[in-house]
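Number of protein chains: 2
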Amino acid sequence: MKNLGKLAMSDKVGFIGLGIMGRPMALNLKRADHALFVHARRKESMDPLVAAGAIACATGAEVARQADVIFTMVADTPDVEKVIFGPDGIIEGVRAGSVVVDMSTISPSATRTMAERLRERGAEMLDAPVSGGEAGAVQGVLSIMVGGTDAAYSRVLPLFEAMGRNIVLVGGNGAGQVCKCCNQIAISQTMAGVGEAILLAKASGVDPVKVREALLGGSAKSKILEIHGQRMIDNDYNPGFKAGLHQKDLRVVLETAYELGIALPGTALVSQHLNALVGRGLGDLDSAALFRLLADSSGLGMDMS
Amino acid sequence: MKNLGKLAMSDKVGFIGLGIMGRPMALNLKRADHALFVHARRKESMDPLVAAGAIACATGAEVARQADVIFTMVADTPDVEKVIFGPDGIIEGVRAGSVVVDMSTISPSATRTMAERLRERGAEMLDAPVSGGEAGAVQGVLSIMVGGTDAAYSRVLPLFEAMGRNIVLVGGNGAGQVCKCCNQIAISQTMAGVGEAILLAKASGVDPVKVREALLGGSAKSKILEIHGQRMIDNDYNPGFKAGLHQKDLRVVLETAYELGIALPGTALVSQHLNALVGRGLGDLDSAALFRLLADSSGLGMDMS
Numbered sequence: 075m076k077n078l079g080k081l082a083m084s085d086k087v088g089f090i091g092l093g094i095m096g097r098p099m100a101l102n103l104k105r106a107d108h109a110l111f112v113h114a115r116r117k118e119s120m121d122p123l124v125a126a127g128a129i130a131c132a133t134g135a136e137v138a139r140q141a142d143v144i145f146t147m148v149a150d151t152p153d154v155e156k157v158i159f160g161p162d163g164i165i166e167g168v169r170a171g172s173v174v175v176d177m178s179t180i181s182p183s184a185t186r187t188m189a190e191r192l193r194e195r196g197a198e199m200l201d202a203p204v205s206g207g208e209a210g211a212v213q214g215v216l217s218i219m220v221g222g223t224d225a226a227y228s229r230v231l232p233l234f235e236a237m238g239r240n241i242v243l244v245g246g247n248g249a250g251q252v253c254k255c256c257n258q259i260a261i262s263q264t265m266a267g268v269g270e271a272i273l274l275a276k277a278s279g280v281d282p283v284k285v286r287e288a289l290l291g292g293s294a295k296s297k298i299l300e301i302h303g304q305r306m307i308d309n310d311y312n313p314g315f316k317a318g319l320h321q322k323d324l325r326v327v328l329e330t331a332y333e334l335g336i337a338l339p340g341t342a343l344v345s346q347h348l349n350a351l352v353g354r355g356l357g358d359l360d361s362a363a364l365f366r367l368l369a370d371s372s373g374l375g376m377d378m379s
Numbered sequence: 075m076k077n078l079g080k081l082a083m084s085d086k087v088g089f090i091g092l093g094i095m096g097r098p099m100a101l102n103l104k105r106a107d108h109a110l111f112v113h114a115r116r117k118e119s120m121d122p123l124v125a126a127g128a129i130a131c132a133t134g135a136e137v138a139r140q141a142d143v144i145f146t147m148v149a150d151t152p153d154v155e156k157v158i159f160g161p162d163g164i165i166e167g168v169r170a171g172s173v174v175v176d177m178s179t180i181s182p183s184a185t186r187t188m189a190e191r192l193r194e195r196g197a198e199m200l201d202a203p204v205s206g207g208e209a210g211a212v213q214g215v216l217s218i219m220v221g222g223t224d225a226a227y228s229r230v231l232p233l234f235e236a237m238g239r240n241i242v243l244v245g246g247n248g249a250g251q252v253c254k255c256c257n258q259i260a261i262s263q264t265m266a267g268v269g270e271a272i273l274l275a276k277a278s279g280v281d282p283v284k285v286r287e288a289l290l291g292g293s294a295k296s297k298i299l300e301i302h303g304q305r306m307i308d309n310d311y312n313p314g315f316k317a318g319l320h321q322k323d324l325r326v327v328l329e330t331a332y333e334l335g336i337a338l339p340g341t342a343l344v345s346q347h348l349n350a351l352v353g354r355g356l357g358d359l360d361s362a363a364l365f366r367l368l369a370d371s372s373g374l375g376m377d378m379s
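As given, the protein sequences belong to chains D and P, one line each in that order.
Per the working numbering, the very first residue in the first sequence carries number 75; after that it's consecutive.
Per the working numbering, the very first residue in the second sequence carries number 75; after that it's consecutive.
Quick caveat, the hints were computed from the structure, so don't treat them as lab data.
A couple of the hints might just be wrong.
[What the hints assert, rightly or not] In silico DSSO-like pairs for lysine-lysine, Cα to Cα no more than 27 Å straight-line:
#  : chain 1 : residue 1 : chain 2 : residue 2
1  : D       : K284      : D       : K156
2  : P       : K284      : D       : K297
3  : P       : K322      : P       : K297
4  : D       : K284      : P       : K86
5  : P       : K284      : D       : K322
6  : P       : K284      : P       : K322
7  : P       : K297      : D       : K284
8  : P       : K156      : P       : K284
9  : D       : K297      : P       : K297
10 : D       : K322      : D       : K297
11 : P       : K86       : P       : K104
12 : D       : K104      : D       : K156
13 : P       : K156      : P       : K86
[What the hints assert, rightly or not] Calculated from the model, a selection of chain P residues having no Cβ within reach of chain D, i.e. all distances over 12 Å:
#  : residue
14 : R115
15 : A125
16 : G196
17 : G267
18 : E270
19 : E333
Here a beta-carbon is modelled for each residue, glycine too, at the ideal position from N, C-alpha and C.
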């Protein structure tokens with residue numbers, strides 16, 4: 075393996091996938107003054123990056139030919155596989171010594187397989203899924219959970235720092251994705267707990283504002299109670315982090331539990347709520363809309379005071 | 075209603091129920107220099123209080139005859155009913171203008187009924203369940219969730235301040251117990267989420283210490299992840315808050331959901347885990363032992379690294 079030392083500012087950077095998350099993340103890299111090669115399926119998605127000085131590439135292969143560190147930020151496991159190994163994909167242009175950094179939230183086991191295939195070509199892979207949503211991406215304050223070698227991590231760290239704030243090397247390839255799974259497991263059940271708590275308060279005629287205040291002072295204190303609890307009280311489901319994405323993430327978690335042969339009953343329960351939420355056409359709401367589903371299922375709809 | 079203004083330091087204070095929680099709470103009241111009349115079923119339970127200058131009473135009725143504000147801290151709804159309305163209970167000695175303050179965690183609806191019965195005798199009731207466990211009781215830093223009238227609350231507040239720190243008047247009679255239910259709902263599902271997250275990490279061969287560190291920096295941050303997550307990682311289930319008490323509290327929550335006709339599916343699931351934990355003879359462990367149950371059910375026992 076070569077060139078895996080410290081990132082030189084002369085290292086060229088690539089970014090593939092310029093959606094709601096990828097676009098502001100790539101813009102933050104550009105602002106940090108990196109030479110940036112971008113690719114997206116739709117040409118319009120590249121326009122804001124080109125306006126900021128990035129160079130548009132027709133394919134992922136072209137990005138990989140130009141760049142030493144290539145980021146991917148797409149929706150799901152098959153999308154990452156296609157972007158890296160599909161026709162005109164990264165694999166057709168990647169050079170020995172390059173690092174492919176996938177920041178999507180996808181399967182840990184598929185990630186390990188992809189890292190192995192890239193290693194056979196002399197390239198490294200890091201999995202680096204994020205938490206913090208669109209606002210975190212825009213503000214450059216994402217949490218970034220990284221899996222891969224120390225050397226690749228050290229090399230890419232200055233680029234991560236342009237996009238995030240809480241950056242942790244969790245372990246080897248796939249460990250970042252496992253950590254993201256853990257994050258979604260913890261968040262989803264905390265969300266369900268906060269939702270059921272606010273439901274009980276409202277159904278009992280007790281002011282949920284007071285309940286939230288009291289609970290924030292003790293062992294029930296959580297970011298979810300603080301932020302999403304307030305959204306539930308306000309019936310404000312402007313995302314934030316969309317329920318449909320949360321549903322997808324829990325699918326990844328439960329596929330992983332299936333592969334490992336472990337039972338995650340609470341996660342399974344919340345995933346069913348999210349299925350129902352998305353099935354009712356509410357997948358674009360913030361995932362705090364879990365509360366709306368819980369309330370509706372007990373006949374206490376959105377209009378309850 | 076009379077005498078419900080500010081607490082006079084000359085007000086005499088009673089405390090019934092001197093167990094793991096009640097004893098240190100009563101001692102903190104005594105330290106705050108209140109005349110204190112105590113009663114407990116077992117004489118030995120009163121000894122440390124008497125040594126601190128409290129006066130032992132043979133019955134709850136006698137406490138009520140002496141004291142203007144009478145605290146109760148016992149295990150469950152029937153215990154509170156017995157202590158207040160049973161033979162030799164508070165009701166036989168309570169005076170018009172006195173306040174009965176129940177700090178146990180019991181049924182909100184039974185609490186409302188008891189408050190009504192006391193009101194017929196000219197006495198007030200506050201429900202004031204606590205969070206923070208034995209350590210919080212000893213240190214005088216309990217969270218106290220109060221239901222009742224403003225006047226009774228204002229009168230008792232200086233006494234609460236001798237026992238706790240985060241003290242909130244949530245609403246009318248029963249609202250303190252509803253709030254405690256909400257607290258246990260939120261805590262139990264957050265605990266389950268943290269447990270499943272750590273399980274996935276361990277089963278994946280990823281360091282849970284790193285995962286906890288990464289998660290504490292983002293939306294998954296919670297007191298439970300911070301404190302109980304560490305206990306799960308260390309396999310340290312020294313209570314803390316016992317699983318058997320958590321089981322009892324969720325029974326109260328689910329009885330309340332039954333009365334209200336609302337569905338709390340996540341709480342129901344965790345309550346079943348707690349049933350199994352207690353059924354396996356592990357009810358005296360800290361409720362973070364929920365993790366042990368989750369791990370065992372997937373064949374990953376206590377000895378997994």
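Going through the hints against the structure:
1. For the suggested pair D/K284 and D/K156, the alpha carbons sit about 50 Å apart, so the restraint of at most 27 Å is broken.
2. Pair hint P/K284 plus D/K297 holds up; C-alpha atoms about 19 Å apart against a cutoff of 27 Å.
3. A C-alpha spacing of about 22 Å is found between P/K322 and P/K297, which places the hinted pair at or below 27 Å, so the restraint holds.
4. Taking the CA atoms of D/K284 and P/K86, the gap is about 30 Å. The hint is violated against a cut of 27 Å.
5. With a C-alpha separation of about 24 Å, the suggested pairing of P/K284 with D/K322 holds against the 27 Å cut-off.
6. Pair hint P/K284 plus P/K322 does not hold up; C-alpha atoms about 34 Å apart against a cutoff of 27 Å.
7. Between P/K297 and D/K284 the alpha-carbon distance is near 19 Å, which keeps this suggested pair within the 27 Å criterion.
8. Among the hinted pairs, P/K156 with P/K284 is inconsistent with the structure: their alpha-carbon atoms are about 50 Å apart, more than 27 Å.
9. At roughly 9 Å between alpha-carbon atoms, D/K297 and P/K297 fall within 27 Å of each other, so this suggested pair holds.
10. Straight-line distance between C-alpha atoms of D/K322 and D/K297 comes to about 22 Å, which keeps the hinted pair within the 27 Å bound.
11. Proximity of P/K86 to P/K104 is assessed by CA-CA distance (about 11 Å); at most 27 Å being required, the pair is judged to hold.
12. For the suggested pair D/K104 and D/K156, the alpha carbons sit about 25 Å apart, so the restraint of at most 27 Å is met.
13. Among the hinted pairs, P/K156 with P/K86 is consistent with the structure: their alpha-carbon atoms are about 22 Å apart, no more than 27 Å.
14. Annotated as non-interface, P/R115 keeps its C-beta farther than 12 Å from every C-beta of chain D; the closest such distance is 29 Å.
15. No Cβ of chain D approaches the Cβ of P/A125 within 12 Å, the least distance being about 31 Å, so the stated non-interface status holds.
16. The beta carbon of P/G196 is kept farther than 12 Å from every beta carbon of chain D, the shortest such distance being approximately 26 Å.
17. For P/G267, the condition that its CB be more than 12 Å from all CB atoms of chain D is violated, with the nearest at approximately 3 Å.
18. The claim that P/E270 lies off the interface is violated: its Cβ sits roughly 5 Å from the closest Cβ of chain D, which falls inside the 12 Å cut-off.
19. Separation of P/E333 from chain D is inadequate, the least Cβ-Cβ distance of about 9 Å not exceeding the 12 Å criterion.
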